[in-house]
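Engineer: The task is simple: from the sequences and hints, build the whole structure.
Residue numbers (the working numbering), protein chains in the order written: chain A, 1 to 131; chain B, 1 to 610.
Zero decoy hints are in this set.
Footprint (simulated), chain B over chain A, 3 or more residues, beta carbon under 8 Å: (1) 10 to 17; (2) 22 to 31; (3) 35 to 44; (4) 111 to 121.
List of simulated lysine-lysine pairs, DSBU-like, C-alpha gap at most 35 Å: (5) A:Lys93 - B:Lys150; (6) A:Lys93 - B:Lys226; (7) B:Lys280 - A:Lys116; (8) B:Lys404 - B:Lys56; (9) B:Lys215 - A:Lys116; (10) B:Lys280 - B:Lys221; (11) B:Lys221 - A:Lys93; (12) B:Lys280 - B:Lys374; (13) B:Lys278 - B:Lys302; (14) B:Lys225 - A:Lys93; (15) B:Lys300 - A:Lys93; (16) B:Lys147 - A:Lys93; (17) A:Lys116 - B:Lys221; (18) B:Lys302 - B:Lys147.
Hints in this document: simulated from the structure, not taken from any laboratory. Ideal placement from N, C-alpha and C gives every residue a C-beta, glycine not left out.
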Amino acid sequence: MMPTVIHENCSGCGTCKLVCAMENFSAVQPARALLRIEGRFPAPGDYQIHFCDQCGECADNCPVEAIVMESGVYRVDQALCTGCMICVEVCPKGVMVEQPGSEFPAKCILCGACAKICPRSAIVMPEAVTA
Amino acid sequence: MYGYAGTILRINLSTGAIEKQPLDETMAEQYIGGRGFVAKLLFDELPRGIDPYDEKNLFIAATGPLSGHLVPASGKTHFGAKSPATGGYADSNMGGHFGPALKYAGYDVLVLTGRAPAPSYLFIEDGRVEIRPADAYWGQGALIAEKNMKTELGEDFQIITIGPAGEKRVRYACLSHDFGRQAGRSGVGAVLGSKQIKAIAVKGTGSLPVFDLKKAFEAGKEAYKKVAAKPGFTEWTPEGTAGITNWVNEVGVFPTRNFKTSFSDHYEEINGKAILKKLKITDKGCYCCPTPCGKYGHTKTKLGSAYVEGPEYETIALFGGNCELKTIEEVAYANYLCDELGIDTISSGAVISWTIECFEKGILSEKEIGRPVKFSDLETVDYLLEKIVAREGIGDLLAEGVKKASEKVGQGSDVFAIHVKGLEWTGYECRNAPSMMLAYMTADIGAHHSRAWVLGHDMAGAWTNVHDLVSGGGTVERQPQAQIKAESARYVIDSQHTRPLFDALGICRLQLMELGFEVENYVELFYFITGKKRQLGFSAGAVFHRTHPIRSQRGLFYPQGENGAAAGLVLRGQGLGCQWASHQRHPGSPGARRCGRCTEGRRRTGRLIF
Numbered sequence: 001m002m003p004t005v006i007h008e009n010c011s012g013c014g015t016c017k018l019v020c021a022m023e024n025f026s027a028v029q030p031a032r033a034l035l036r037i038e039g040r041f042p043a044p045g046d047y048q049i050h051f052c053d054q055c056g057e058c059a060d061n062c063p064v065e066a067i068v069m070e071s072g073v074y075r076v077d078q079a080l081c082t083g084c085m086i087c088v089e090v091c092p093k094g095v096m097v098e099q100p101g102s103e104f105p106a107k108c109i110l111c112g113a114c115a116k117i118c119p120r121s122a123i124v125m126p127e128a129v130t131a
Numbered sequence: 001m002y003g004y005a006g007t008i009l010r011i012n013l014s015t016g017a018i019e020k021q022p023l024d025e026t027m028a029e030q031y032i033g034g035r036g037f038v039a040k041l042l043f044d045e046l047p048r049g050i051d052p053y054d055e056k057n058l059f060i061a062a063t064g065p066l067s068g069h070l071v072p073a074s075g076k077t078h079f080g081a082k083s084p085a086t087g088g089y090a091d092s093n094m095g096g097h098f099g100p101a102l103k104y105a106g107y108d109v110l111v112l113t114g115r116a117p118a119p120s121y122l123f124i125e126d127g128r129v130e131i132r133p134a135d136a137y138w139g140q141g142a143l144i145a146e147k148n149m150k151t152e153l154g155e156d157f158q159i160i161t162i163g164p165a166g167e168k169r170v171r172y173a174c175l176s177h178d179f180g181r182q183a184g185r186s187g188v189g190a191v192l193g194s195k196q197i198k199a200i201a202v203k204g205t206g207s208l209p210v211f212d213l214k215k216a217f218e219a220g221k222e223a224y225k226k227v228a229a230k231p232g233f234t235e236w237t238p239e240g241t242a243g244i245t246n247w248v249n250e251v252g253v254f255p256t257r258n259f260k261t262s263f264s265d266h267y268e269e270i271n272g273k274a275i276l277k278k279l280k281i282t283d284k285g286c287y288c289c290p291t292p293c294g295k296y297g298h299t300k301t302k303l304g305s306a307y308v309e310g311p312e313y314e315t316i317a318l319f320g321g322n323c324e325l326k327t328i329e330e331v332a333y334a335n336y337l338c339d340e341l342g343i344d345t346i347s348s349g350a351v352i353s354w355t356i357e358c359f360e361k362g363i364l365s366e367k368e369i370g371r372p373v374k375f376s377d378l379e380t381v382d383y384l385l386e387k388i389v390a391r392e393g394i395g396d397l398l399a400e401g402v403k404k405a406s407e408k409v410g411q412g413s414d415v416f417a418i419h420v421k422g423l424e425w426t427g428y429e430c431r432n433a434p435s436m437m438l439a440y441m442t443a444d445i446g447a448h449h450s451r452a453w454v455l456g457h458d459m460a461g462a463w464t465n466v467h468d469l470v471s472g473g474g475t476v477e478r479q480p481q482a483q484i485k486a487e488s489a490r491y492v493i494d495s496q497h498t499r500p501l502f503d504a505l506g507i508c509r510l511q512l513m514e515l516g517f518e519v520e521n522y523v524e525l526f527y528f529i530t531g532k533k534r535q536l537g538f539s540a541g542a543v544f545h546r547t548h549p550i551r552s553q554r555g556l557f558y559p560q561g562e563n564g565a566a567a568g569l570v571l572r573g574q575g576l577g578c579q580w581a582s583h584q585r586h587p588g589s590p591g592a593r594r595c596g597r598c599t600e601g602r603r604r605t606g607r608l609i610f
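Structural biologist: Spelled out as structure tokens, the structure:
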């Protein structure tokens, strides 16, 4: 199930990004995070959470079909991926992320770590997914 | 070195030399980070006796070992220099996202010396460090410049800028970041301006080494749960620091009309609830902060409309109280002007209120000022800010701060020039709050609550966090004459010893001060992140002693105002003098030969002399 994203609750603290990197890459390295927080300042003065909604645009455009649906989530198969980064370019939300120090991009697999930590309840995951 | 990025980035702006120096392990051990590093580096490297605008002055940005880690509110950066405001030791800290970005780029500390030959900005993208021309941005407002630089460089850059105030070396010019975070005090923005640096832009994509990542991750997540369980999490956060406005008024410590009295009748028009009702668009948090005190909003006044973060409590006190702006929209607009001009809201609020009192008393004439000025008048604030930042006419005098300005103007204007060591008081009129007065008097950087906040002791007779104080209930109609208590000095010294802990670790103290998130939590997090077991209180004391040995200064002793809970009360000079002496004699005081509160007395090798 997809998370609910409540933009107006977001305060831009970025804890979600740090936890995402720690959970998925065991690194204190938010540049690797698989979601994006956009601060729109000075106007209109708010935050937008860009979160993978599993739209499949990346999979549709992958020339080697390295992105496949598995248990409701698109995953990058690194055995097939050539690192062409076409998926990064086509992702409408900008959350297919080039990884510093890696030839492969990475994407959200709905682990739910961001929702669990978010102190402002801006990303809320249904219990079934976070369990 | 776990927790740290491991490198000091040194840039000589005169020669363009860029040096990456390994972080000294002994320095990290003894001074931890942040404010500790600032104090240590200034002590070791600042040439004595120089003018703050001499190119040999240092400009330091220092993070701490917990900056950028999964710790509640790990976004603090400390800036240091010789202060243009006081001529002494300066540091000023700022939240936001700059410090973590600097660490992810690979640097714990940035040290600037020299002066760039032309307006420039620093570009730092991981290992790539460049001094770039800033002609396109020089002269722009601090907020506009940040926006324009983000457009040029990209959203991922974290940027600090100065405004025209820093360029013109106004002695209380600030650093600006993230459209509303400032390192406001001590004039660090003017030091950067004197070095011809408009901005520092940082993008960091690297990682930080952690001693036990698994346990640090678990303990970090647990810490967020513990913070969320504090009553203040849901009760303090919505209004942030502005939530204290009513209480400060009630107990009679709200600076009003240039610290003349301690109660504002219109406080309900300028408090935290007014922000939520009239201004707020979104909460705006610093890095990894679970309790965002920043309130970003939009204000409309007869002078114009603007997007602005805040006002937070201090700005409310100095512009809403001291300059007596009557509505939250006007206070917010003054806040916006200061942010864009790159000037500290606290000092500038105090300078403007002092100017108005000078005019009322006939000490400064309409001709000298250029127009009549009065309290409760946004146009007065707008006019004087513009003059100050341009250093035009009266503005050139006012840009020096109330101490220097009153020395020049004379005619008794020093009596109501409210400062310690040349730094204007913050938002607590403490003539009936002797411990807080003592805290101002003995603060190294001058009058600032960042060193110690002990109003709880004055008003409730105990240490207590702000949330508990504010939610304590009851109405105070009449404050008793403040008692000089024997234990006051100890409370001040305890607070002066505790606060550097947060400043050195690179995290925000408000988790403890406002919510009561206990210090013990950081000991565990510190161990899992750095691999070092230590009694953090003792280490914090080392930082306090390193920066406090500057001789203390007496406060002010004239009777206070006509209304509010503390009306007519005044501290007896003799009593406060005794208390000051008690602070100096206390074994934890920098004046003492040996500190009984921590181990520093035995280690101290020298004093900070500027």
